[in-house]
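Trainee: Assembly of the complex is requested from the two constituent chains, each provided in isolation within its own frame, with the hints serving as guidance.
Now for the letters of each chain:
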Amino acid sequence: MFPWESAFSGVETCPTFAATGLREDHINGDIAIAIWQEWSMRQDKQWLREIGYPMLMGIADFWVSRSVYLEGDNKAHILDIIPPDEYVDHVNDSVYSNFVAIKSLKYAVQASLVLNETCDKCENYKKLSEDIVILFDETLGIHPEYASYPGNTVKQADVVLLHYPLNLEMPEETQRADLEFYSTRTDTHGPAMTWGMHAIGFLDLGDHEQAAKYFNMSFQDNTHEPFHVWTETVSHFFVLLLGMISYFFFSFSPSLSLMAMLLISLLEPVDSSRQ
Amino acid sequence: MISGYPGLRITDNQGLQLNPACPENTESIKIRSFQYRGATLDLEYQCGATQLKGGRADTMRVKLVDIQDEEKFVPLRMRSASKRTGEKGMLPKPLTKGAEITLDLKEFSKDHLFFIY
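From first to last, the protein sequence lines stand for chains E and F.
Residue 176 in the numbering used here sits at position 176 of the first sequence; the count goes up by one each step and never skips.
Residue 1058 in the numbering used here sits at position 58 of the second sequence; the count goes up by one each step and never skips.
The shape of chain F in the complex, shown without the other chains (with noise of 0.2 Å):
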């Protein structure tokens, strides 16, 4: 329920993965208040009426809900990555306190992963 579908993995180097992914009959999935390098995340996959059978999800959402300690705090960046061709994009707008990003998640190939750094 966290690894999985949602596709959250601690890389070693290259900060938080996301692989968006719904189980079948699934409309949407939430993970509140995600801990992540002084940040309180919240994201959101909406599954859409095409992932009866399971599959990737239509659109993610990530949201920077809270700081813990304002003065430490690194903004965060999102990018995208494809694991066939390696080819990277970056998500413009890095990740402070209140910013959302919303991806639609049908303009990126199935191949491409998400992170968070």
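The following block holds chain E by itself, in its conformation from the complex (with noise of 0.2 Å):
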């Protein structure tokens, strides 16, 4: 589906020494999202019809080849994956990653209706977006990241992404445990990009004492004298332009949106005039 890394071609560039490439499917449901987002904003009924609706169905196709029955529970499971914390690989059902995946397949659907088009495929779609299993941990009252997840340290924001950006509902005592709880895993040396995450989370909750705390984090340790350059991380003063755009333009939303954002710029048909 679509590459982790495109360059100018939009086929996979990622070396495969970095398994993301092969495995870091979330990619695909990050893209739909996105879709619909660009819908959200636009209303542009052509568009949608033209470059979104088609992404979405191929997307959703995808999620339908990705997931499997697992005898004794009925319910679907996306095996074999890297989440967002890509300091783990070959894990299965990633809460984030089944997640998208949902998304992406009733996306599929609600495009079909605001469309009116005939979509065979979207009863099946519908089903398995109800039957994808999100875990979630009773004991501790939190979304583990992914099944068997030992609470070991997690790269970046991950499971605290399904409040914000993925929207998903849940009681307000579980978003709080959430980010309270990965709070204390994620590697202070990871993308700075995580802490906005926790301080949308808790600006939602009202907890603005919190929220200005993790507001601080997300740039006060990152940025480097003599010139006030933004850093992706504390110690690497390899700057990343993206990241840096992205702040000033985006800040606090997920660089993963962005990401996606320049995927469909790049995936629009080429004016075969200019060719």
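The set of hints was computed from the structure by calculation and includes no laboratory data.
Be aware that a few hints might be false.
[What the hints assert, rightly or not] Cross-link-like lysine to aspartate or glutamate pairs, in silico, EDC-like; alpha carbons within 20 Å at most:
{"id": "1", "chain 1": "F", "residue 1": "1072", "chain 2": "E", "residue 2": "44"}
{"id": "2", "chain 1": "F", "residue 1": "1072", "chain 2": "E", "residue 2": "38"}
{"id": "3", "chain 1": "F", "residue 1": "1063", "chain 2": "F", "residue 2": "1044"}
{"id": "4", "chain 1": "F", "residue 1": "1088", "chain 2": "E", "residue 2": "169"}
{"id": "5", "chain 1": "F", "residue 1": "1053", "chain 2": "E", "residue 2": "207"}
{"id": "6", "chain 1": "F", "residue 1": "1083", "chain 2": "E", "residue 2": "173"}
{"id": "7", "chain 1": "F", "residue 1": "1083", "chain 2": "F", "residue 2": "1104"}
{"id": "8", "chain 1": "E", "residue 1": "106", "chain 2": "F", "residue 2": "1012"}
{"id": "9", "chain 1": "F", "residue 1": "1110", "chain 2": "E", "residue 2": "209"}
{"id": "10", "chain 1": "E", "residue 1": "126", "chain 2": "F", "residue 2": "1012"}
{"id": "11", "chain 1": "E", "residue 1": "155", "chain 2": "E", "residue 2": "180"}
{"id": "12", "chain 1": "F", "residue 1": "1030", "chain 2": "F", "residue 2": "1042"}
{"id": "13", "chain 1": "F", "residue 1": "1097", "chain 2": "F", "residue 2": "1042"}
{"id": "14", "chain 1": "F", "residue 1": "1110", "chain 2": "E", "residue 2": "172"}
{"id": "15", "chain 1": "F", "residue 1": "1106", "chain 2": "F", "residue 2": "1027"}
{"id": "16", "chain 1": "F", "residue 1": "1053", "chain 2": "E", "residue 2": "209"}
{"id": "17", "chain 1": "F", "residue 1": "1093", "chain 2": "F", "residue 2": "1070"}
Mentor: Spelled out as structure tokens, the structure:
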């Protein structure tokens, strides 16, 4: 499906020594979300019909191909994946990945309804979206990052993205529990955009003290003299231009969405008269 | 700076959500020329003297300053909704060109969200 890194050609250019290009499949769901956000913001039916809908159908087909029903629980599972927390690989039922898969399937169905398109596959999409498992640990009151998650250090925002930007409805105590649980398990030398997600989460809970703490964490230690250059990680002095641009224009929005929007712009049909 | 304190969110089916809050030591937040469904919006939150520690904005002003295509434009409306009770309230004036809505947020409980749709 969509590449993790695409360069100009649109084909996968992520080197195979980094398994993200092979298994970080949530990129497809991220793109589906970006498509639906584009539709929500512009309400351009022609764009949805010609560009968005075919992409959503293709992404939904991808998740159908990626899901399996295991004996015994009548639930659908997505196995052998890399979640947004790239410190792990070959995990099953990443809650983030599974939820973007669910949203992708629902968006394909919704788009067919908006466009009044006949959609033979939509019954199957709808059923699968209801069957894909979203793990929840009743004892800890949190969403575990993936099946059999042992509570180890995570690279960056993962489960906390369920609330924002994915809008998974959950009780406030669960949202707070996820934020507090993962804030103590997130690598402090990981990407700074993680703390922006924590700030947003606490803002939505009305906890302005915690929000201010994470808002400040998201940039204070990442600026460096003499030019106040902003870096992705505290210790990593390699400047990511894209990260800086996204901070200025989209600060607090996930870089994943920005990446997805950029991918969409690359994937739009090329005017043949210009070839 | 967009989705956090100003609380702008693109929802799946409810339009554009606003949840106006201010960082500590902030007097106001202004977002100019925000493009939404063919409209150009200016948003302004006044944080007030009570917001030294951050918190809900005191007032919110939404102004529709321009429309990209008058023929295609569907007038926008605003409503409020309580997160806890689900109670919804329609704000009376539709957002047409030049229209401006100013809300005293102290009249709403802190769990109220606002939507432009």
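Trainee: Each hint should be assessed against the structure and marked as holding or not.
Mentor: Cross-check of the supplied hints:
1. Note on residue 1072 (chain F) and residue 44 (chain E): the hinted pairing holds, with a Cα-Cα distance of about 10 Å set against a maximum of 20 Å.
2. The suggested pairing of residue 1072 (chain F) with residue 38 (chain E) holds, with an alpha-carbon distance near 17 Å, which does not exceed 20 Å.
3. Proposed proximity of residue 1063 (chain F) and residue 1044 (chain F) is supported: the alpha carbons are some 9 Å apart, at most 20 Å.
4. Pair hint residue 1088 (chain F) plus residue 169 (chain E) holds up; C-alpha atoms about 18 Å apart against a cutoff of 20 Å.
5. With a CA separation close to 11 Å, the supplied pair residue 1053 (chain F) and residue 207 (chain E) stays within the 20 Å bound.
6. Between the alpha carbons of residue 1083 (chain F) and residue 173 (chain E) the distance comes to roughly 14 Å, so the proposed pair stays at or under 20 Å and holds.
7. The straight-line distance between the Cα atoms of residue 1083 (chain F) and residue 1104 (chain F) is roughly 18 Å, inside the 20 Å bound, and the hint therefore holds.
8. Using a Cα cut-off of 20 Å, the hinted pair residue 106 (chain E) and residue 1012 (chain F) holds, with the two alpha carbons roughly 10 Å apart.
9. This hinted pair checks out: residue 1110 (chain F) and residue 209 (chain E) have alpha carbons roughly 16 Å apart, not beyond 20 Å.
10. This hinted pair checks out: residue 126 (chain E) and residue 1012 (chain F) have alpha carbons roughly 16 Å apart, not beyond 20 Å.
11. The straight-line distance between the Cα atoms of residue 155 (chain E) and residue 180 (chain E) is roughly 16 Å, inside the 20 Å bound, and the hint therefore holds.
12. Between the alpha carbons of residue 1030 (chain F) and residue 1042 (chain F) the distance comes to roughly 7 Å, so the proposed pair stays at or under 20 Å and holds.
13. For the given pair, residue 1097 (chain F) sits about 12 Å from residue 1042 (chain F) by alpha-carbon distance, which is consistent with the 20 Å threshold.
14. Of the supplied pair hints, the one linking residue 1110 (chain F) and residue 172 (chain E) holds, its CA atoms being roughly 15 Å apart against a limit of 20 Å.
15. A distance of roughly 16 Å separates the Cα atoms of residue 1106 (chain F) and residue 1027 (chain F); the hinted pair therefore holds under the 20 Å criterion.
16. Distance restraint check for residue 1053 (chain F) and residue 209 (chain E): the Cα-Cα separation of roughly 8 Å lies within the 20 Å cut-off, and the hinted pair is therefore satisfied.
17. A C-alpha spacing of about 18 Å is found between residue 1093 (chain F) and residue 1070 (chain F), which places the hinted pair at or below 20 Å, so the restraint holds.
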